[in-house]
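Q: So the sequence lines, in the order shown, correspond to chains A and B. The letter at position 180 of the first sequence is residue 180 when you use this note's numbering, and the numbering goes up by one with no holes. The letter at position 285 of the second sequence is residue 285 when you use this note's numbering, and the numbering goes up by one with no holes.
Each hint should be verified, as a subset may be incorrect.
In silico DSBU-like links for lysine-lysine, alpha-carbon gap of 30 Å or less [what the hints assert, rightly or not]:
{"hint": "1", "chain 1": "B", "residue 1": "LYS90", "chain 2": "B", "residue 2": "LYS115"}
{"hint": "2", "chain 1": "B", "residue 1": "LYS197", "chain 2": "A", "residue 2": "LYS36"}
{"hint": "3", "chain 1": "B", "residue 1": "LYS258", "chain 2": "B", "residue 2": "LYS274"}
{"hint": "4", "chain 1": "A", "residue 1": "LYS49", "chain 2": "A", "residue 2": "LYS36"}
{"hint": "5", "chain 1": "B", "residue 1": "LYS111", "chain 2": "B", "residue 2": "LYS90"}
{"hint": "6", "chain 1": "B", "residue 1": "LYS197", "chain 2": "B", "residue 2": "LYS225"}
{"hint": "7", "chain 1": "A", "residue 1": "LYS140", "chain 2": "B", "residue 2": "LYS111"}
{"hint": "8", "chain 1": "B", "residue 1": "LYS274", "chain 2": "B", "residue 2": "LYS257"}
{"hint": "9", "chain 1": "A", "residue 1": "LYS41", "chain 2": "B", "residue 2": "LYS6"}
{"hint": "10", "chain 1": "B", "residue 1": "LYS102", "chain 2": "B", "residue 2": "LYS90"}
{"hint": "11", "chain 1": "B", "residue 1": "LYS90", "chain 2": "B", "residue 2": "LYS110"}
{"hint": "12", "chain 1": "B", "residue 1": "LYS6", "chain 2": "A", "residue 2": "LYS35"}
{"hint": "13", "chain 1": "A", "residue 1": "LYS78", "chain 2": "B", "residue 2": "LYS102"}
{"hint": "14", "chain 1": "A", "residue 1": "LYS49", "chain 2": "B", "residue 2": "LYS6"}
{"hint": "15", "chain 1": "B", "residue 1": "LYS90", "chain 2": "B", "residue 2": "LYS112"}
{"hint": "16", "chain 1": "A", "residue 1": "LYS49", "chain 2": "A", "residue 2": "LYS140"}
{"hint": "17", "chain 1": "B", "residue 1": "LYS102", "chain 2": "B", "residue 2": "LYS115"}
{"hint": "18", "chain 1": "B", "residue 1": "LYS182", "chain 2": "B", "residue 2": "LYS197"}
In case anyone wonders, no lab produced these hints; they're calculated from the structure. From a predicted model like this one, the values you see are computed outputs, not experimental measurements.
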Amino acid sequence: MGYLVERIGKKIIVGLDELGRMASLLQQIIVQGAKKPFNAKHFVQQMVKIGVDTLPIVSLMSIFVGMVLGYLAYLQFKIVGLEMYTGSLVAASLTMELGPVLTAIIVSGRIGSSTAAEIGTMKVTEQIDALRTMATDPIKYLAVPRFYAALIMLPILTVFADIIGMFGGYMIGVWKFGIRHQIYIQKSIDFLDPIDIINGLVKTIIFGGLMITISCYKGFTASGGAEGVGQATTSAVVLSIMTVLVSDYLLTMILY
Amino acid sequence: MQQELKIGIVVAVAIIIAGIMITLAGGRSFYRQGYQLRVHFDYVSGLDIGAPVRLAGMEIGEVRDLQLIGNQIEATIWVESSAKIHSDAKVTINSLGIVGEKYIEITLGKKKLLKNNDSIIGENPVNVEEVLVRGERVVKMLDYQVKFLERVVFNGQTTWEEVAGIIYNLSEITKDTNSLIKNNKQDISLSIHNFNKLSTTLEKTVAENREELRNVTGELKKATKNMNMAILNTDKGINKCLAEFSTAASSFSNVCKKIDEGNGSLGRIIKDKKIADDLSETANNLKLLSEDLKQHPWKIIKPKEEKQPGKRK
Chain A
1 MGYLVERIGK KIIVGLDELG RMASLLQQII VQGAKKPFNA KHFVQQMVKI
51 GVDTLPIVSL MSIFVGMVLG YLAYLQFKIV GLEMYTGSLV AASLTMELGP
101 VLTAIIVSGR IGSSTAAEIG TMKVTEQIDA LRTMATDPIK YLAVPRFYAA
151 LIMLPILTVF ADIIGMFGGY MIGVWKFGIR HQIYIQKSID FLDPIDIING
201 LVKTIIFGGL MITISCYKGF TASGGAEGVG QATTSAVVLS IMTVLVSDYL
251 LTMILY
Chain B
1 MQQELKIGIV VAVAIIIAGI MITLAGGRSF YRQGYQLRVH FDYVSGLDIG
51 APVRLAGMEI GEVRDLQLIG NQIEATIWVE SSAKIHSDAK VTINSLGIVG
101 EKYIEITLGK KKLLKNNDSI IGENPVNVEE VLVRGERVVK MLDYQVKFLE
151 RVVFNGQTTW EEVAGIIYNL SEITKDTNSL IKNNKQDISL SIHNFNKLST
201 TLEKTVAENR EELRNVTGEL KKATKNMNMA ILNTDKGINK CLAEFSTAAS
251 SFSNVCKKID EGNGSLGRII KDKKIADDLS ETANNLKLLS EDLKQHPWKI
301 IKPKEEKQPG KRK
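I would like the entire structure built from these sequences, with the hints used as guidance.
A: Structure representation (structure tokens):
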């Protein structure tokens, strides 16, 4: 019994310790990011990696999500004779919730893992210590470009996810179920609120920042060779996705 | 450089898409010009901000604000500047279906145009609850009527088929009548024509003999008067006669009364038993006498022969 309490207490203490370290890492990233000089080359590299290279998979994901949403929404709305609102449901749910959250999850899986793995490998192979000896701050050199690239590219990806998902819903609603083109577009637009779209984009900025901070932290704290890197990668992805979902709830409560 | 180009393309496209989405979602008001009107209602039936406004069925704007002002509700509506709303337009709140979305319907008008911030009085929407209650009442009444009809018409025996048969027969009769009239159209019209002719002739005759007719009428009038007088006189005579008759009747009645009371000779005869017996005896005797006389008439002629039978004895 005493052993169990001890273990739970230890876990809580470790958790709180990690939370504090992550918060201080975030603070350092922001502080270092504000300092000159700015590493433009790395920033562009990360933008390509996070944004351009992730775009195909985000598009694929969102078009299928849109199609499924349109399909199910049509079937449900048909029961009550409101088929023309299929587009409204697809548009509203994509811009408010599914676009931002699913994009953040995909980016967490793709970028969070690679970030943790890269930084973790550098940590395990002592390249980070080497950077320090060369008077280069590893946070400024490794974390800051990724952080800003994520902040900028996640909303961009979300915009694509929104519009491509709506197109998926349009394909199902108009081409498969034969809702009139003008009605579908009109109803989609009727139920779109610019505030909702902007709130969705604001959410993704925060998701991106949290996700990169967690991944970098996991990378910087990796230890114990290749196995340690693997563990760091796994926990980075899991924690990122969990953080995205929990913070999504809190942000929704705040923003709407 | 190629990397920057990729990013540039992605970011630019995203910004364009986001711009279009946000602009479209913001509704027409972002890029369309319009004006506001204030509509006053007593009851808005759950109208919401953002509800569509239609002019003669076409969507032209939306509800921007709803406020309680005194005991009325002021709805501020935004309308496209191309939509012309007149001061005599009817403003109502309708709904798409019974439970559907509410919207404001404006009809076309003719009088002067409304400008920005003008106010107009809206017509109160029909309360659905009220309609349902009224409908129920009507249904109950109908039910009662149908039952009554059933009781009256069917009376326990007649069936709907028979009623239908009656209706069918009626229609047949109407048809027959129709065809009859149609077939004899000429005859009927001829009859009417003849009648017409007759009446004209009569009219003509009357006009020609007007003087004579007047004389005849005058004579008739006179005759009636005389007859009247005669009847009146006769009436007087009859009256007099009746009065006399009445007097006679009362005298007779008096006599009868006296007889009844036993007054006077007659009375005494009737009332006194002894006299009556005597009278009867007398009558008997008289009878015997008359019989005797019949058999022996000579007794009158020779009264002294009375002694003869004695002699014979």
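Q: Now look at each hint and say whether the structure bears it out.
A: Here is what the structure says about each hint:
no., hint, result
1, B:LYS90 <-> B:LYS115, "holds, 16 Å"
2, B:LYS197 <-> A:LYS36, "violated, 125 Å"
3, B:LYS258 <-> B:LYS274, "holds, 20 Å"
4, A:LYS49 <-> A:LYS36, "holds, 23 Å"
5, B:LYS111 <-> B:LYS90, "holds, 12 Å"
6, B:LYS197 <-> B:LYS225, "violated, 37 Å"
7, A:LYS140 <-> B:LYS111, "violated, 73 Å"
8, B:LYS274 <-> B:LYS257, "holds, 22 Å"
9, A:LYS41 <-> B:LYS6, "holds, 14 Å"
10, B:LYS102 <-> B:LYS90, "holds, 16 Å"
11, B:LYS90 <-> B:LYS110, "holds, 11 Å"
12, B:LYS6 <-> A:LYS35, "holds, 27 Å"
13, A:LYS78 <-> B:LYS102, "holds, 21 Å"
14, A:LYS49 <-> B:LYS6, "holds, 11 Å"
15, B:LYS90 <-> B:LYS112, "holds, 14 Å"
16, A:LYS49 <-> A:LYS140, "holds, 18 Å"
17, B:LYS102 <-> B:LYS115, "holds, 25 Å"
18, B:LYS182 <-> B:LYS197, "holds, 23 Å"
Checked against the numbered hints above, the structure violates hints 2, 6, 7; every other hint is satisfied.
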